[in-house]
Amino acid sequence: SQQGEEDPQALSIQEGENATMNCSYKTSINNLQWYRQNSGRGLVHLILIRSNEREKHSGRLRVTLDTSKKSSSLLITASRAADTASYFCAPRDGNQFYFGTGTSLTVIP
Amino acid sequence: NAGVTQTPKFQVLKTGQSMTLQCAQDMNHEYMSWYRQDPGMGLRLIHYSVGAGITDQGEVPNGYNVSRSTTEDFPLRLLSAAPSQTSVYFCASSADRDPNQPQHFGDGTRLSIL
Chain X
1302 SQQGEEDPQA LSIQEGENAT MNCSYKTSIN NLQWYRQNSG RGLVHLILIR
1352 SNEREKHSGR LRVTLDTSKK SSSLLITASR AADTASYFCA PRDGNQFYFG
1402 TGTSLTVIP
Chain L
34 NAGVTQTPKF QVLKTGQSMT LQCAQDMNHE YMSWYRQDPG MGLRLIHYSV
84 GAGITDQGEV PNGYNVSRST TEDFPLRLLS AAPSQTSVYF CASSADRDPN
134 QPQHFGDGTR LSIL
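Those protein sequence lines, which keep their order, are chains X and L. Numbering-wise, our numbering puts 1381 at position 80 of the first sequence, and it's gapless, one number per residue. Numbering-wise, our numbering puts 143 at position 110 of the second sequence, and it's gapless, one number per residue.
Honestly, the hints are just simulated from the structure, not real lab data. It is possible that some hints are incorrect.
[Unchecked claim] Derived Cβ-Cβ restraints for the label pairs, each shown as a range:
#1 D106(L) / K1370(X): 35 to 45 Å
#2 S1329(X) / P108(L): 24 to 34 Å
#3 G1360(X) / M74(L): 24 to 34 Å
#4 R1355(X) / A115(L): 39 to 49 Å
#5 P1410(X) / Q90(L): 39 to 49 Å
#6 S117(L) / G1395(X): 21 to 31 Å
[What the hints assert, rightly or not] A few chain L residues that face chain X, going by a derived Cβ cut-off under 7 Å, partial list only:
#7 F123
#8 P135
#9 G141
Every residue, glycine too, gets a C-beta built ideally from N, C-alpha and C.
Whenever a hint applies, use it, and build me the whole structure from the sequences.
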């Protein structure tokens, strides 16, 4: 499989703390995208980083990309209870996306 | 905007039955795709399309058929349902003239094969 793989599988933190999730992948990529999924819902796009970028910010989100190590990380700062969800990385190779198995984040109020 | 609409939301089938999962988008997106999501497996790409009349296989295409006669619609057909096809199915679309565009997902179809 060419899936991405997130680490850790599950993460539990207190409200206000930062959450870091990592993603490793096997393909060459055009870009890498991060998505969020609330229980029982579809995925929602969070942030996209292109293969020639190393870091990107969007609000409380910071994503890094290291193409030499085929890895990415997503940092959520000052977490809120509403951030509780599953987070997926999706490396894109051509017309195909290779979603990982996700990190389940629980933010405790 | 409606975005990506999937129907039905839930379906129970018997082994060997066939059915079509519907997906429609109102954003004039060229790229559409179907995924299945299974516990511990993440999302796996079944089929995708880069425009009307063009379809291609993803990672797990066996047992599924697709067509793209219009820009808006991308139905997924299960030819002869098997218990291994019990899953949650997601349809997604993106404006693919620029590949650096996000995908928009529907809310999913939960399918059980008995």
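Subject >> Per-residue hint verdict: P135(L), partner chain X, C-beta under 7 Å >> reply: Holds - the Cβ of P135(L) comes within 7 Å of chain X, reaching about 4 Å at its closest.
**OP:** Look at the Cβ atoms of D106(L) and K1370(X) and judge whether their distance stays inside 35 to 45 Å.
**Re:** holds, 41 Å
Original post:
Taking the least C-beta to C-beta distance, is G141(L) closer than 7 Å to chain X?
Top reply: holds, 6 Å
**OP:** May I ask you to test the interface hint for F123(L) with respect to chain X, counting a Cβ-Cβ separation under 7 Å as satisfied?
**Re:** holds, 6 Å
Original post:
Range hint 39 to 49 Å: satisfied by the CB atoms of R1355(X) and A115(L)?
Top reply: Check passed, 45 Å falls within 39 to 49 Å.
**OP:** Could you see if the CB distance from S117(L) to G1395(X) stays within 21 to 31 Å?
**Re:** Given range 21 to 31 Å: holds, Cβ gap about 27 Å.
Original post:
Is it true that the C-beta distance of S1329(X) to P108(L) lies inside 24 to 34 Å, as the hint says?
Top reply: holds, 32 Å
Subject >> Whether the CB-CB distance between P1410(X) and Q90(L) falls inside 39 to 49 Å >> reply: holds, 45 Å
Original post:
Is it true that the C-beta distance of G1360(X) to M74(L) lies inside 24 to 34 Å, as the hint says?
Top reply: holds, 30 Å
Violated hints are absent here; each numbered hint is respected by the structure.
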